[in-house]
Amino acid sequence: MEKKHQQEEYVDFVVTARKYKTLLTAKYKNRPMWHKPSAGDVVSHLPGTIIKILVEEGQAVEAGQLLLIHEAMKMQNRVVAPIAGVVVELNVKESDKITKNHLMVKIESK
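For what it's worth, the numbering used here labels the leading residue of the sequence shown as 28, then goes sequentially.
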């Protein structure tokens with residue numbers, strides 16, 4: 028009975044035409060599901076500080092337009108709009124300290 032219960036927990040996966048069996052850990056089973064971010068979501072890739080904000084909510088922006096300056100690891104990074112649209116959320120203020128993957132700006136396409 029014990030062996031049958033353990034065997035049910037094994038999961039098959041295929042890599043380069045070879046089939047493997049593995050057990051899934053509790054950490055893997057309980058992880059949050061990944062969701063594809065919206066094309067207009069601007070997130071921080073590094074923790075850091077917001078130096079300057081050049082847009083405001085409700086403002087129309089073009090793809091590639093400078094949105095803000097984000098300082099990380101003693102470098103000032105220019106953050107630009109990924110798409111043309113309207114700024115619907117501005118989740119940072121100047122001198123805010125932010126973490127990795129923080130949603131800084133949300134843009135809705137035109």
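Everything labelled a hint here was simulated from the structure, so no lab data went into it. Among the hints, a few may not be true.
Straight-line Cα separation of at most 20 Å, DMTMM-like style, residue types lysine to aspartate or glutamate; simulated pairs [stated by the list, open to error]:
hint, residue 1, residue 2
1, K79, D68
2, K48, E36
3, K133, E83
4, K56, D68
5, K79, D123
6, K79, E89
7, K137, E121
8, K124, D68
9, K124, E89
Predicted, not measured: the structure shown is a model, and the values here were computed from it.
Each hint tested on the structure:
Restraint check: the Cα-Cα separation between K79 and D68 comes to about 18 Å, which is no more than 20 Å; the hinted pair holds. Pair hint K48 plus E36 holds up; C-alpha atoms about 10 Å apart against a cutoff of 20 Å. As the CA atoms of K133 and E83 are separated by approximately 11 Å, the hinted pair is consistent with the 20 Å bound. Annotation: proposed proximity of K56 to D68 is violated, straight-line Cα distance about 27 Å (limit 20 Å).
A hinted pair counts as satisfied when its Cα atoms are at most 20 Å apart, and K79 with D123 qualifies at roughly 10 Å. Between K79 and E89, the direct Cα distance comes to roughly 18 Å. Compliance with the 20 Å bound is thereby established for this hinted pair. For the suggested pair K137 and E121, the alpha carbons sit about 27 Å apart, so the restraint of at most 20 Å is broken. Between K124 and D68 the alpha-carbon distance is near 19 Å, which keeps this suggested pair within the 20 Å criterion.
Distance restraint check for K124 and E89: the Cα-Cα separation of roughly 26 Å exceeds the 20 Å cut-off, and the hinted pair is therefore not satisfied.
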